[in-house]
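Colleague: Protein chains in written order, with my numbering: chain U, 1 to 140; chain H, 1 to 152.
Since the hints were made in silico from the structure, they are not lab data.
Since this is a predicted model, take the numbers as computed values, not measurements.
Treat the hints with care, as some may be off.
To be verified - Chain H is faced by these chain U residues, among others (derived, beta-carbon under 7 Å): (1) GLN7; (2) VAL8; (3) ALA21; (4) HIS26; (5) PRO27; (6) ARG29; (7) SER34; (8) SER102; (9) ASN121.
The beta-carbon is built from N, C-alpha and C at its ideal position, and this holds for glycine as well.
Below are the chains, spelled out letter by letter.
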Amino acid sequence: MRLALRQVIAILLLALLPAIATGLWHPRRPAWQSDEVTLSAASAWGHDILWIDARPDADFARAHIPGAVSLNEDRWDDLLPAVLDHWNTTSKKIVVYCSSLSCQASHDVARRLREEADLPNVFVLQGGWEAWLKRNPPPP
Amino acid sequence: MTRSTQRIIAAILGLIFLVTGALKVLDPAGFAIDIQNYRLLPWTCDVLGALYLPWVEILCGGAFLFKIAYRGALTISALLLAAFIIAYGSTRPRGLDIACGCFGHGIHHGYWSHLSLDTLLLIIVIYLLKADLRPLSPVLHGNGPREETPRP
């Protein structure tokens with residue numbers, strides 16, 4: 001038992017070194033600041049937001065946040081120019097959303113906007129479209 | 001099960017840990033988002049986990065493969081797998097449908113298949129740990145009582 005404990009401590013300590021190196025120098029290291037914003041925080045920015053809808057085209061066509069621009073990974077190359085046009089003319093903060101709290105698309109689109117399109121101030125809406133609907137329910 | 005069969009199973013387990021750890025090391029930012037999707041910890045802890053856990057996984061894989069610090073690696077793996085099964089198992093009851101993050105960023109094979117695979121891995125790890133703690137069989141390893149040889 002004592003041997004196992006010694007080995008556990010050795011492995012855990014040894015893993016610290018490459019982990020620190022990863023945190024310092026890895027080209028794809030995560031940022032220490034989360035890129036997620038709540039709807040209340042985003043709403044406080046007023047009209048200085050460019051909403052980007054990362055959901056599939058069909059979902060966007062059905063309903064979306066007023067003024068949002070569609071940009072999903074399936075049609076990235078087709079849709080990106082329109083997003084850049086909007087951003088160039090407005091210089092707003094960008095908030096990307098997908099369907100819900102657990103969807104992945106908004107994070108992936110936000111990351112590509114930062115890395116490939118080199119855009120600053122890109123955030124992800126926590127809770128996505130579901131959070132928006134909760135706050136702004138559709139008229140009956 | 002013989003010792004050589006256990007060695008083969010440990011080596012396969014080692015390869016799995018090495019590959020899955022390496023996939024996460026390649027994209028720590030993606031892995032941090034995968035951890036964040038569990039909605040269990042604050043972002044700073046997600047980042048720390050994304051930087052640290054893949055290297056623990058890789059070291060455990062190496063330990064299985066080369067049988068260095070073997071018992072310690074089995075203990076860590078059992079604890080990590082158990083923690084993961086509990087964390088991932090809790091996602092569906094909490095209304096989350098997320099990629100588990102175990103095989104690299106965004107790879108989603110389905111809730112039950114991930115849980116089954118990780119439970120199987122946990123069972124194997126516990127079996128290997130028990131086998132390692134068990135004293136060697138005196139008969140199989142030639143340490144048993146020696147037969148009296150008739151004196152001339």
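Colleague: Any of the earlier hints contradicted here, and which numbers?
Modeller: As far as the earlier hints go, 3, 5 and 9 are violated by this structure, in ascending order.
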